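Participant: For reference, the chains in residue letters:
Protein chains: 2
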Amino acid sequence: MHAYVEELAKHVGQEVTVKGWLYNRRSSGKIQFLQVRDGTGIVQCILTEDAADKSRFEACEHLPQESSLVVTGVCRADKRAPGGFELTAREVSIVQVAQNYPISLQSHGIGFLMEHRHLWLRSRKQVATLRIRATVIKAIRDFFDSRGFILADSPILTPAACEGTSTLFEVGYFDDKAYLSQSGQLYAEAAAMALGKVYCFGPTFRAERSKTRRHLTEFWMVEPEVAFADLDDVMRLAEEFISFIVSTTLGRCKEELKVLERDTVRLEKVTPPFPRISYDEAIKMLTESGHDIKWGGDFGAPEETAISDRYEKPVMVHRYPMACKAFYMKTDPQDERLALCVDVIAPEGVGEIIGGSQREDRLEVLEKRIAENNLSKESLEWYLDLRRFGSVPHGGFGLGLERTVAWICGTEHIRETIPFPRMLYRIYP
Amino acid sequence: MHAYVEELAKHVGQEVTVKGWLYNRRSSGKIQFLQVRDGTGIVQCILTEDAADKSRFEACEHLPQESSLVVTGVCRADKRAPGGFELTAREVSIVQVAQNYPISLQSHGIGFLMEHRHLWLRSRKQVATLRIRATVIKAIRDFFDSRGFILADSPILTPAACEGTSTLFEVGYFDDKAYLSQSGQLYAEAAAMALGKVYCFGPTFRAERSKTRRHLTEFWMVEPEVAFADLDDVMRLAEEFISFIVSTTLGRCKEELKVLERDTVRLEKVTPPFPRISYDEAIKMLTESGHDIKWGGDFGAPEETAISDRYEKPVMVHRYPMACKAFYMKTDPQDERLALCVDVIAPEGVGEIIGGSQREDRLEVLEKRIAENNLSKESLEWYLDLRRFGSVPHGGFGLGLERTVAWICGTEHIRETIPFPRMLYRIYP
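In order, the protein sequence lines correspond to chains A and B.
First residue of the first sequence: 6, per the numbering used here; consecutive thereafter.
First residue of the second sequence: 6, per the numbering used here; consecutive thereafter.
Extracted from the complex, chain A is given alone in its bound form:
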C-alpha cells in the first residue's frame, strides 16, 4: 500500500510502500541507511544484505543522489530517525538511476543554484519554503473568503499603466500593444462597486532595473477593495489580515519553520493593534536619529528599517505626501498636501509589505491627477466612470506575497520564496 512519508504515523507496524528519491545514504558494511524523500518528508529505509538479493544490495550501494526508487517495508517509530520513522526494507526497486546530480548537500554559489532552480527546489530548505508559501496563500484566501469578500480576478493584459510608466512590460497584442498589469487595483475598484467587498490575487509585473533582495519582476499580490470603507477601515483590515496570516502559518508550519531554523518569538507577537505613526512623526523620528531625509521624500530601505526597528510588530505609517504616492489616492481633507494612505512596514528589515489607501472618489480631482501624472485619460475613461455612476468612499490595499513569505520564513532574499523567480537578467529556467 502506497503511503506518503507525512502519513507514516498512521502506519506503524504495517507494511507500506514509499515512492520517492534518494536524498542521502550511509552504509555500514552489511546495512545501508537510505534516506528517501517524497516531497512530504524524508524517511530512513534500512536495507540489510539478507533482505535484498545481492545485486540489488550492491546497486543501492552505488546509487547516485536523486535516483528514483520504490521501497516496501514495515514502518517503525524510532525517535532517533530523521522524521521519527523508519522502514525496514523488504524490497527496493530502482525506477531510474540518476545521472550525477549537480547539487550536492554541500553549499553552492547562488548563480549556480538559480541556473538549476528546477532541481534546487528539491532541497530541504526550498521544500520547506514552498510549503510555507502555499500555507500563506491558503491563509490569505481563507481570510477573505470567510469574511464575505468575493474573489474577482483582475486582468493581466491591460491597456495602460497604473503605477507609473517607467516599469511597464510591453506585449505585442495582435496588431496592437498591451502592458502587463502592475497592480489589479483599478479593476478591483470596479468589481467592488459591483460586489461590495472583493479581492484579486494574481501575478503582477514591474520592469524594475534594480537588483535588490526585495525585488522580483514577476510577483504575486493580493489586493482587497471595499466599497464604503475609509482609511481607518483599511488600516484595521490590514492589521487583522497580517495577524491572521502569521498565526495561521505558525500553527500549520512548525516543522517547516524548524527546517529553516526560524526564530519565531517575534512572529508570535504579531497581533492587532499595530502601532500607527503619521509620516510627519516618522520624518521627525528619522531626522532626530540622524537620517538625511527631508519632508516630502519617500522612504527607502534604510528609512524603513530604522522605523520598523523601533517596534516589535509591523508598523503602519500613514498620510504620506501626495507627491510621492499614486494618482488614485484620496487627498486628506485635513491637509491637502497629504494622501489618505498607509504603508505597513514589516519588522526585521523586510520593508514595506502593504501599501494601501482610501481612493479619490471625486471625478474632477481624479481627472486633474491623471493629467498631472501624464497618464492616458482615454485608457482610463472606464475608471473615471466609477466616479460618474454612484461614486462612494472606498479603499483597499495590496500585500506583496513574496515579501510576506520572506519575512515569515526569515529568508534573506525573496528569490527563494517563489518557485521560479524572475529578475533582471533572470528568465531561465
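You can take every hint at face value.
Derived lysine-lysine pairs resembling BS3-like cross-links, with alpha carbons at most 30 Å apart:
{"#": "1", "chain 1": "B", "residue 1": "Lys216", "chain 2": "A", "residue 2": "Lys382"}
{"#": "2", "chain 1": "B", "residue 1": "Lys143", "chain 2": "A", "residue 2": "Lys259"}
{"#": "3", "chain 1": "B", "residue 1": "Lys216", "chain 2": "A", "residue 2": "Lys182"}
{"#": "4", "chain 1": "B", "residue 1": "Lys182", "chain 2": "A", "residue 2": "Lys182"}
{"#": "5", "chain 1": "B", "residue 1": "Lys15", "chain 2": "A", "residue 2": "Lys143"}
{"#": "6", "chain 1": "A", "residue 1": "Lys143", "chain 2": "B", "residue 2": "Lys259"}
{"#": "7", "chain 1": "A", "residue 1": "Lys330", "chain 2": "A", "residue 2": "Lys289"}
{"#": "8", "chain 1": "B", "residue 1": "Lys182", "chain 2": "A", "residue 2": "Lys216"}
Pairwise CB distance ranges (calculated):
{"#": "9", "chain 1": "B", "residue 1": "Val270", "chain 2": "A", "residue 2": "Lys263", "range": "48 to 56 Å"}
{"#": "10", "chain 1": "A", "residue 1": "Ala376", "chain 2": "B", "residue 2": "Asp181", "range": "31 to 39 Å"}
{"#": "11", "chain 1": "B", "residue 1": "His296", "chain 2": "A", "residue 2": "Asn105", "range": "51 to 59 Å"}
To be clear, the hints were calculated from the coordinates, so they are not data collected in a lab.
This structure is a prediction, so every number in the text was calculated from the model and none was measured.
Glycine included, each C-beta is placed from N, C-alpha and C at the ideal position.
Please build the complex by placing chain B on the supplied structure of chain A, with the hints as guidance.
Facilitator: Chain B only, in chain A's frame:
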C-alpha cells in the same frame, strides 16, 4: 449598524443601515419603493413622505439608477419582497447622484456591454456569474489543499513555448525577449519532483486569432501534477475533481443559479465514475453517425458535441493519436501511435474542459519529440533534466476555469465568466 443585504435575516426587527446603489425604483404617490443593491443582494427600501423631509423625498423621486445611497431603517421579513426582506426607511442619505446610467434594465447589444464591462458587472446576472466563479475557484483550491497537494505557482514570463509556437504572446524583457505562459505544466512537473503532488493555478495566454464563444486570449487554468501517477490515476483524479466542483457549487450557489435560470438537473448527475471511451471508439461512433472525420484528426466543436450528447455526464476520451497532441505526452506502450492522454468533454455543448496525460519520462524519446516539434532544445534543457535526475512515471491535467464556470452557469459565451475578458481586438476596459 451597517449590515450587508445577505445578513438581513439576522436583523429582523432591528434598525440597520444599508449602503449601496439604487438598482430600480417604483413610486406610488406618497410611497417610494427603492431597490438597493450592495453586492451581496438587493433589498427593497420603503420610503414614505412622512418619514423623510420633503426635499429628500423629492430628491429620491428623481434619483438616477446606480446613484449611491445609505438607507437606515427597520428590517422586516416579507415574502413578497425581492430577497425576502424590506427596510422601512427612517433616513435616506444620498452619497452621489449618478450621471445618466448607460446600462438600463432593458437589453443592450453585446458590443456596447463589453465596452462598458466595468459597469455591466453590476447587473444581476453578472453578479451571480462572478459569485459562482469565486465559488468554483474556492472549490478547486479546497479540493487540492485538502488532499495533500501543494500549490506551486508556475511563472508567467517564460523563455519558450510549450503548446506550439503559433499562439505565443511576446514580451520585451529588458534587452531580451520572453513569452507569456501558455500552460504552467512543465514547471509543475519540476515542482512535483520536489513536492510529490502539486498544482498551479494562474492566468495563461494563447494568442488565438479565433473568435469563438469558447476562446479567451487570457484565461485561468488549474493544473495538478502527480509524481508516480499513470493515466488511470489521472482519469480518476479528474472525475473526482470535476464532481467535487459541481456538487460544491450546487450546494453553495442556489440563489445565483436561480438568478441565471439554470436548470440544474443534469449537473446533479455529475458523479464518478464518468464514461470512458477510447479515441478509436469515438472515431467509430462519429463515422457511423455520418461525421466526416478520419482516424488521426483532432476533434473540433461539432465532434465534441456529438460525443458528449451521447452521455449525461462529462465523458473521458482517452488515447488520441500522438500526432494531434503535445510533445510531452507519453507514448502508449500497447500502441506506439497513441498518446497516454485524456480529454474530458463537458455536456451541453461546452466542449473540452480538461486535457491531461501521463508524461513522457524517457530522456531520449523526449529529446526526439522536441526536435520533431521544432521546439528549442536549449530553452528546455531544464525540463530534460527532470528525466536525467530521478525520472519517474507522472501525470496530470489542466482544467480551463472559464469553460467550467460557463458550463455550470449555463452561459452561452465564456466572456461573461471572467471579470474583464480579453479576446481578439478586446483589451479595454
